[in-house]
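Number of protein chains: 4
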Amino acid sequence: MKEIDLNFAVSRVGECRITSPISGVRFVKDEEHVLYHSDIETIKSYLETGREPPYLEKAGPREKIYFDPVNLRCGIITCGGLCPGLNDVIRAIVLTLFQQYGVKQVLGFRYGYEGLSSKYSHEPLELTPESVGSINEMGGTILGSSRGNQDIGDMVDTLNRLHIGILFAIGGDGTLQGAQAIASEATRRGLKISVIGIPKTIDNDISFIQQSFGFDTAGSEARRAIYAAYSEARGARNGIGLVKLMGRDSGFIAVYAALANSQVNFCLVPEVPFKLEGLLKALEKRLARQGYAVIVAAEGAGQDLLAATAERDASGNIRYGDIGIFLRGRIKEHFSQIGRQVEMKYIDPSYIIRSLPANARDSAFCLLLGQNAVHAGLAGKTDMVVGNWNHQGTHVPISMAVSQRKKLDPEGWLWNSVLAITGQPRNLF
Amino acid sequence: MKEIDLNFAVSRVGECRITSPISGVRFVKDEEHVLYHSDIETIKSYLETGREPPYLEKAGPREKIYFDPVNLRCGIITCGGLCPGLNDVIRAIVLTLFQQYGVKQVLGFRYGYEGLSSKYSHEPLELTPESVGSINEMGGTILGSSRGNQDIGDMVDTLNRLHIGILFAIGGDGTLQGAQAIASEATRRGLKISVIGIPKTIDNDISFIQQSFGFDTAGSEARRAIYAAYSEARGARNGIGLVKLMGRDSGFIAVYAALANSQVNFCLVPEVPFKLEGLLKALEKRLARQGYAVIVAAEGAGQDLLAATAERDASGNIRYGDIGIFLRGRIKEHFSQIGRQVEMKYIDPSYIIRSLPANARDSAFCLLLGQNAVHAGLAGKTDMVVGNWNHQGTHVPISMAVSQRKKLDPEGWLWNSVLAITGQPRNLF
Amino acid sequence: MKEIDLNFAVSRVGECRITSPISGVRFVKDEEHVLYHSDIETIKSYLETGREPPYLEKAGPREKIYFDPVNLRCGIITCGGLCPGLNDVIRAIVLTLFQQYGVKQVLGFRYGYEGLSSKYSHEPLELTPESVGSINEMGGTILGSSRGNQDIGDMVDTLNRLHIGILFAIGGDGTLQGAQAIASEATRRGLKISVIGIPKTIDNDISFIQQSFGFDTAGSEARRAIYAAYSEARGARNGIGLVKLMGRDSGFIAVYAALANSQVNFCLVPEVPFKLEGLLKALEKRLARQGYAVIVAAEGAGQDLLAATAERDASGNIRYGDIGIFLRGRIKEHFSQIGRQVEMKYIDPSYIIRSLPANARDSAFCLLLGQNAVHAGLAGKTDMVVGNWNHQGTHVPISMAVSQRKKLDPEGWLWNSVLAITGQPRNLF
Amino acid sequence: MKEIDLNFAVSRVGECRITSPISGVRFVKDEEHVLYHSDIETIKSYLETGREPPYLEKAGPREKIYFDPVNLRCGIITCGGLCPGLNDVIRAIVLTLFQQYGVKQVLGFRYGYEGLSSKYSHEPLELTPESVGSINEMGGTILGSSRGNQDIGDMVDTLNRLHIGILFAIGGDGTLQGAQAIASEATRRGLKISVIGIPKTIDNDISFIQQSFGFDTAGSEARRAIYAAYSEARGARNGIGLVKLMGRDSGFIAVYAALANSQVNFCLVPEVPFKLEGLLKALEKRLARQGYAVIVAAEGAGQDLLAATAERDASGNIRYGDIGIFLRGRIKEHFSQIGRQVEMKYIDPSYIIRSLPANARDSAFCLLLGQNAVHAGLAGKTDMVVGNWNHQGTHVPISMAVSQRKKLDPEGWLWNSVLAITGQPRNLF
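Going down the list, the sequences are from chains A, B, C and D. All letters in the first sequence, in the order written, are residues 8 to 436 by my numbering. All letters in the second sequence, in the order written, are residues 8 to 436 by my numbering. All letters in the third sequence, in the order written, are residues 8 to 436 by my numbering. All letters in the fourth sequence, in the order written, are residues 8 to 436 by my numbering.
Nothing false has been slipped in among the hints.
Given that identical chains are not distinguished, each listed pair holds provided it fits within a single copy or across any two copies.
With a straight-line cut-off of 27 angstroms between C-alpha atoms, the simulated DSSO-like cross-links for lysine-lysine are:
(1) 65 / 51
(2) 65 / 414
(3) 339 / 126
(4) 36 / 51
(5) 65 / 413
Hints are computed from structural coordinates only; laboratory data are not their basis.
Generate coordinates for the entire structure from the input sequences, incorporating the hints supplied.
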């Protein structure tokens, strides 16, 4: 691991002067940290040059808190595309606010940032332990969602008008940048509004966070789709099963699914470039040897091969060319040209995956995230997200979380394992 | 039920002179039948005019059989698209041949009718109870499949050369017509080859057969896809979830899935025509009232609305225009024109459904079909399929089975139940 | 099929004078029937002796109804043990009452018949389309349940005091007998209260009803338990996997699960007696040949082998001796005596099965039952249950439904299929 | 974290002089390590006192290996109770040996250590990529298993006679101690036999290993069982759902399942003692407030409350008294004594859980473990297990792995989260 200069200091809206109503737990101190690196050489090199090795603040209940639960009103929003576990996080936040802190008022804003905008007249939902009791059994989000940001000043006006003390924002990069802007504007106006993000990315590509919620459920369901492609491919002479999976910038879902369903012969990810000719040649060989082949492509793979469309969606993300449709066409074309008949089956399970309820692991994980988000909010932390690192809950400043995408290391053990099990050549050129 | 003139007489390759090796079972006689009609008025009207009411021959083990199991060699082929349960049927046939009759040689021909053609050199698989022992846990077909027929004379040559006594053909309409042609040609040549079809149609549209294998599994998985569409739709402002399901000529899967997942607001099937304007108007109302809507369309629905493409696939089926893509486009266009922003999510779960392993019901059903196919084959029946009617296994001549598609009755209780639960208008004009 | 003298006439509380608010459907007439028998010989023999062959009244919407929906108040109760689909039936009744007939008041009585008794002060729930909208995704019953009947007069007092027009009672034999008593007492008092039963028996043992709701889900989950037993058995030297399944008087679940998971070697059901010695001898042989064995026992199997306990549960059912525990003990004992070490794994999945949400088939079926129950109730039918026969919804008088248990025919095709696939001897003596 | 004196040095059978046949991967060096601690204070205190902080050797492919793959013969055994993922590990080892290293001979010994004993005449299976290709879809172990050790000298004789270079032993504590003894005896005799353990404990209680395979699948399925208990409890007046889960010494499964299914009201684990009176009192309160209650008990919880039976099973583990049966009896008794009627439903899903196929996460994890086990074995490592620590594959000497059970920290964040979501009192006294 290389040394990097990182600043993991977390902001807060004010001093913690109130005694937590929670009793009987081991409180976590702001001075407790989790080391970012886990190899002794790197750590020694920091220490020998008189620098502190980077570490992340530990999440958990604080003995002194900032907000008085009795008068506190909180808000929750969910933004962007669906992701398994959204309802679990909402539920965990509401239950923890009510049952551990005695908070009595929680508003669920509708349809993402639209719910904070005066342009729309979405009435917020009153959330209670009863109303959220079994929402975790349903996919989607009971609050609704939308893409894109709204006017920051307008949203802060709404928060102020409704006396919101803590805003919990569940969403991806764009959402977190919005949350950061809201936190800044609130600070600028001298408002004591804490903004806590719960990072949502089914692609698992948020930096400084080991795993994001929904990722495990996505990988499990992706395995089902791959199994379908494999069955179709194996059932036909020269059958080719092609599955497009989520993963705009990072191939973690494709990799996870390939490891979990070891019938995959080619795994294409954004981090590892390939040439069409290389893929086609290797595919020919595989078909000749095995009679069928299974290909998994992350949506961001091979983007250089497509004429990049300059479009952006409502959240400002570049709309990617569709690698699945592209490969389907080119592969069929190629084999038709060389006079070999293939049977191509193409599967794009994206929406089915996104709208699933969370599996057991993600459910448990969402609960921990929601609990930690509440502890952080009550302690007056702001402009941060809750995360996890080396099996510890952590606090990460939004600026760090959105600073770069987490990516697969093409030299690392994970990608090596994929190459080993798929048997695909390291270089598809 | 209306009176119809039906001829359910089943052919056989010769006299049954051999005593069945099975003991201790109640044998079924050729004279046992299942009534086709189940209302007394129709039956009386047949009897009063001196005609026999139509009935189907009952399936089951016969006391006297035609083929001597000791010297019998059988073949199995699977044709056309994947369908849950193919491996279950193969397994049931092999186990029943070996364990109940003591047959010792079963060949699994590869890739559908290609496996019987001399043009391809696909080596058949030797099938044994050990080799098929747990294939039912896997989706697809271990034999592979292909679409389309091969030269009939060539295929009969192969069967003759390999001394096949009974050919079990698992497939849809095209396959069964091929099976019929093989049976005729064999008869013409004086060959004692029994051809038994096991009708495969995930759409459940084979006549005189109450339910076809794989249909139940398909409906169950379709429910998952609809649930995804529903979650997506509900999670967005003016969200529209659109699911395309199998069903070229008959809407049974769409109907079953709509009844099983009662979040569907519009169910579109081939049997019930609609106009685009009618659908759009009703959809507007539904969005206004409910905030989101879920649409399920069988692939054969609204084909008159599309410019029919004259293409046919390798099996000779007309390639349908894609109603899902069509509706997705037109609905978006319409709401864009009237200035209302909608969020459209389109799901086409077809391949995932087709490649699933059979669920419990289909597994049990495939076992019964396979057992009955073997009993029929050993008894020298030919040119027929095994089916089921009013909870009895039956024999149906191929000519009857392929005479017409089974279709949903737009006046019947089933469609009424769909209208009641979806709340969609009876006429979308 | 043998001739039987059956009286399927359904009672009603009064004349139907009100025009149904439903439009655009094909109404069903009281004169429409489904034949009970489906073989021509039996039907002819009835006709030749001048008798009508027995038939069941068809279910469905009537053109004229008895109750005025505007003023109608309905009640629902769920009684006895859990069964997959209870919430689906509740939901279907509520949605159909509100959406098809415009009924506005539906009470959900709590904890079975306790909810109608003045001894308990259970407040009924107000049920609306909103409150039942997604209860079908949860197992159990939102109303709660209890076993046993309460004082009939007291319960009729409650119904009268609350102005209940139709009582929908979902439950088994005991519940239906209670429903019958309530209907009689109401008639005696001249009260116009319709009592409609929806028969609940996970064992599928109600007469004149082809399949009961929850049975399919139960069979599917039972397959999982058997698979576990099979894995355990196969994984050990002389491994024996023993699964006890539901089925007090009828072995349908055990049979269904054995057909769906064809790894079962012995299937023991109440309808087919066996001796312990016979089973042990056959088991020895099986172990010697196969190295492991899987046994499935319905809870009512081999009851003569146990010292019958005379206990009865709160519903008045005889408490059966536990065949699973009995067999586990005796088998271990036996092999220990003959000096052969076996590994016995015993699985009793009962509660997990009973509390599942309904699978797709059961969900769709519960919807149809609920719709038909409402149509029957509105038409003033009473003292009856909704059922199904030869793919048609039917009305069956409670007296017929509870007259005897439906049982497996040890000579029939279903049991033959089980013997064929398990390979167990026909006689275990 | 407290300082501990740990010795993580891994043994090897000899010098690595052969160049690995693998190319194009980043090889791992023996000098690469993962820090055991992750807080800076502990690490500094080690460094300041001149000691190295403890770390674990990193797993992965080595550039130089010890065994020549061409002549290498390997063996695999699976021991002890079933655990999801056994077949995945077998498959991963076989595929990696053949496909990455070109090893050609792999024997699968039958029924655990029995397969190495001359007392039994179990013929080993020849394992090939074809024969293990889809075994991961099945639960259990294709090799069979048994409990307990066999004579060490005898087993080493067998390994020697069959020219086994690497023995892969998949099993729990007892198995690993056996593996250690085999390794020692081989060393004593100067035999170059590498023994690599893959630690199997569904309880996740092996030290220095963050998670063991099968644990995730177990937690997921346990959630289903708890859901059943919850449905039963909620469906009855004063319903109590009691679920016994695996966890002899450590409550990780119970904790995981409680977090994943947040309907649990009491979670009882071995690490946190309780008194029966405390539990009963809290249960009374919960029933009064909520009307029902759900209790989850790890099998090792409250063992002090039971009269400890001194029995040991064949593996030498103490047979625990059954806390589930005990609690069921005492709770019923108590409420009967205080005259309150409760409905108790008791679920013990153990065997169903143990025999499941691995879920996606466990499948992927088993693949990584199997790959790392092969890399370690080829490099001549011995007397060690493969593990994982802070998202890195690791090598752990068997002596460390079996030195103590990993246990839940009653003061840690995990148990705090459980207390928060269940709402159970910290002290049940």
